[in-house]
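Peer 1: Knowing the structure of chain A, use the given hints to seat chain B on it.
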Amino acid sequence: MGEKLLEVKDLTINFSGLKAVDTLNFSIDKGEIFGLIGPNGAGKTTTFNMISGALKPTSGEVWLNGQRIDGNYMYQTNKLGIARTYQNINLFRSMTVLENLLVGQHCRLTCGLAPAILRTPRERKEEAAAVEKAKETLEFCGLHEKIDVYSNSLSYGEQRILEIARALVSDPYLIILDEPAAGMNPTEKNSLADLVQRIRAKGVTVLLVEHDMKFVMGITDRICVLNYGKRIALGTPAEVQANPEVIEAYLGGGD
Amino acid sequence: MKEQGFFQSKKGKTVIAVVAIALAIIIPLMMDNNIIFTQNKYFYVLLCLIGIYTIVTSGLDILFGYTGQISFGHAGFFCIGAYGSVLLSHTQWGLGKATGYVLTPILSIFIAACIAAAVGALLAIPASKLVFHFLSMLTIAFNQIVYLIANNFSWLTNGSIGITSVPAVTLFGISFATTTSKLKYYYLVLFFVVVFLLVKTHIVNSRVGRGLIAIRENPTAANGCGVNVAKYKIMSFAISAFYVGFAGGLYVHMIGFISPDTFVQNTSVIFITMLLFGGSGNLVGPILGAAVITIIQEGLQFLADYRMLIYGIVLLLIILFQPQGIAGLGNTISGAVSKRKRGAANG
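Chains A and B supply the protein sequences, listed in that same order. For what it's worth, the working numbering labels the leading residue of the first sequence as 1, then goes sequentially. For what it's worth, the working numbering labels the leading residue of the second sequence as 1001, then goes sequentially.
Warning: the hint list may mix true and false statements.
[Unchecked claim] Mimicking PhoX-like on lysine-lysine, the simulated pairs with C-alpha atoms at most 25 Å apart in a straight line are:
{"no.": "1", "chain 1": "A", "residue 1": "Lys125", "chain 2": "B", "residue 2": "Lys1129"}
{"no.": "2", "chain 1": "A", "residue 1": "Lys146", "chain 2": "A", "residue 2": "Lys202"}
{"no.": "3", "chain 1": "B", "residue 1": "Lys1231", "chain 2": "A", "residue 2": "Lys146"}
{"no.": "4", "chain 1": "B", "residue 1": "Lys1129", "chain 2": "A", "residue 2": "Lys56"}
{"no.": "5", "chain 1": "A", "residue 1": "Lys56", "chain 2": "B", "residue 2": "Lys1013"}
{"no.": "6", "chain 1": "A", "residue 1": "Lys146", "chain 2": "B", "residue 2": "Lys1011"}
{"no.": "7", "chain 1": "B", "residue 1": "Lys1010", "chain 2": "A", "residue 2": "Lys133"}
{"no.": "8", "chain 1": "A", "residue 1": "Lys135", "chain 2": "A", "residue 2": "Lys79"}
{"no.": "9", "chain 1": "A", "residue 1": "Lys79", "chain 2": "B", "residue 2": "Lys1231"}
{"no.": "10", "chain 1": "A", "residue 1": "Lys202", "chain 2": "A", "residue 2": "Lys79"}
{"no.": "11", "chain 1": "B", "residue 1": "Lys1010", "chain 2": "A", "residue 2": "Lys135"}
{"no.": "12", "chain 1": "B", "residue 1": "Lys1013", "chain 2": "A", "residue 2": "Lys125"}
{"no.": "13", "chain 1": "A", "residue 1": "Lys30", "chain 2": "A", "residue 2": "Lys9"}
The set of hints was computed from the structure by calculation and includes no laboratory data.
Here chain A stands alone, though its shape is the one from the complex (with noise of 0.2 Å):
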């Protein structure tokens, strides 16, 4: 395929003596749908952890266009164009889908203090843009009509479209979706699917964990399979369906 957008190489961390991801290696192309896949405690999240900066590795590199990132704060990556969601939804709870979008943006947006205090034009431009682009955001995603709508008061599935939503308006490379489906029924898993085949008609690249077989299957272009923080499978949802070690890692060998 393309341009590789993101290398991982060689990444590891120790929790302690326990190697919860252990010198794991993938690369996600530009335009790709890619899905990290395992079984409870694989390693997943940690990885994603690593990418988006929230955890340092112990060892290895994270590559994005070129350009080291591990040992970042996240808010450095999320500036360096990767944006993410959360397992457990992270929404600012008491401020309006706007104002969470508003947050979303804060890596693009410029004003410091002084031009705040005093309103100046270039602030005033730059907030009226903001909201534009809020807008359109929720109109992609779908979420406009509960723009004024507190986030704490929006339905489970609507709040992890929010926090999609969120991730997206800051114009990232890479969108990580941290188990994104979870506690959707089956219409809103379309619906989302659909959202995640947009998002990348947009030109952001996707890398997504989740445990519906039947939604990373159905969506991906490629998965790596995580068992015990090491890589047991890299390869077509097909490929990676057909392989024993994945079948023996997910149902159990018999010896």
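Peer 2: Below, chain B without anything else, positioned relative to chain A:
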């Protein structure tokens, strides 16, 4: 949904603000001819105090109400602003004693507030890593340190005796000496209250303010959205300290005398009480809290140290029954009414 009544709209809020400012200008003028208030001008002192504490509480609100960081040491910043301004403007102490040159009081207040902000930023560097209860202890310790310095560094502060004849504020040739006209000083304070409240509104409704609120709501997500959490906490501490430091300066040039006793830890507790009582995380709460608690405090002078007991009880009741403070009373009442209506409809 957000309510969209006239008074919730931007226009409505502006109208309310203009009316409130107009009343704050006119009412004391009318009182000037009133026999009760002309006897001693204590009424104006009370108004000045309310204004000064409004600035304090609003500053504390930026830290506590918006950023979600607690401080039980803001009397320390009040102290730095007050002593700082005295030492920069007094002819016999501090700068005046050392060099013979002094700063004019408004400039000294401003610089002292900047010093308070710098100290606030320094304090926030370790504090930004701490969670709620450890932060409480750190800020209490900070307050204690500042108090002890004011009390024990006699060569600088004259110790517990304090410093008298603090110079009056003079601006563009107009003297704001409280010995001659307390009304004038009230208008000076009012001017700064309006400026500080306006600045606060601008800050909390900007990219920076959203970053602060995001930290209060969810630090992890804020970080993921590109908010440099440590930097923003430091900024919040510094802004908050600037407000409180400036108020400290206004306070001391009104009273004309300074001693360490004003800046004990109890004062920090009173600041927090004002904020919680009025309601945090909005514009009006700190004003209400400052006004009501100041009036209660003056009304309860005769109780001396037992006042702290009253504050304790007030604080407890507010936290238990009205966590949004009296600014949120409208919501609570309308909530209760609609609940009753619903109950009646169902029954």
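Peer 1: Give a verdict on every hint.
Peer 2: Hint by hint, here is what the structure shows:
Under the criterion of a C-alpha separation no larger than 25 Å, the hint pairing Lys125 (chain A) with Lys1129 (chain B) is inconsistent with the structure, at around 35 Å. Taking the CA atoms of Lys146 (chain A) and Lys202 (chain A), the gap is about 23 Å. The hint holds against a cut of 25 Å. Proximity of Lys1231 (chain B) to Lys146 (chain A) is assessed by CA-CA distance (about 32 Å); at most 25 Å being required, the pair is judged violated. Taking the CA atoms of Lys1129 (chain B) and Lys56 (chain A), the gap is near 17 Å; set against the 25 Å cutoff, the hint holds.
Proximity of Lys56 (chain A) to Lys1013 (chain B) is assessed by CA-CA distance (about 47 Å); at most 25 Å being required, the pair is judged violated. Pair hint Lys146 (chain A) plus Lys1011 (chain B) holds up; C-alpha atoms about 23 Å apart against a cutoff of 25 Å. With a C-alpha separation of about 22 Å, the suggested pair Lys1010 (chain B) and Lys133 (chain A) falls inside the 25 Å cut-off, and the hint holds. Distance restraint check for Lys135 (chain A) and Lys79 (chain A): the Cα-Cα separation of roughly 21 Å lies within the 25 Å cut-off, and the hinted pair is therefore satisfied.
Between Lys79 (chain A) and Lys1231 (chain B) the CA atoms are separated by roughly 16 Å; this keeps the pair inside 25 Å, and the hint holds. With a C-alpha separation of about 19 Å, the suggested pairing of Lys202 (chain A) with Lys79 (chain A) holds against the 25 Å cut-off. For the hint linking Lys1010 (chain B) to Lys135 (chain A), the alpha-carbon distance of about 20 Å falls within 25 Å, and the restraint holds. Proximity of Lys1013 (chain B) to Lys125 (chain A) is assessed by CA-CA distance (about 22 Å); at most 25 Å being required, the pair is judged to hold.
Pair hint Lys30 (chain A) plus Lys9 (chain A) holds up; C-alpha atoms about 17 Å apart against a cutoff of 25 Å.
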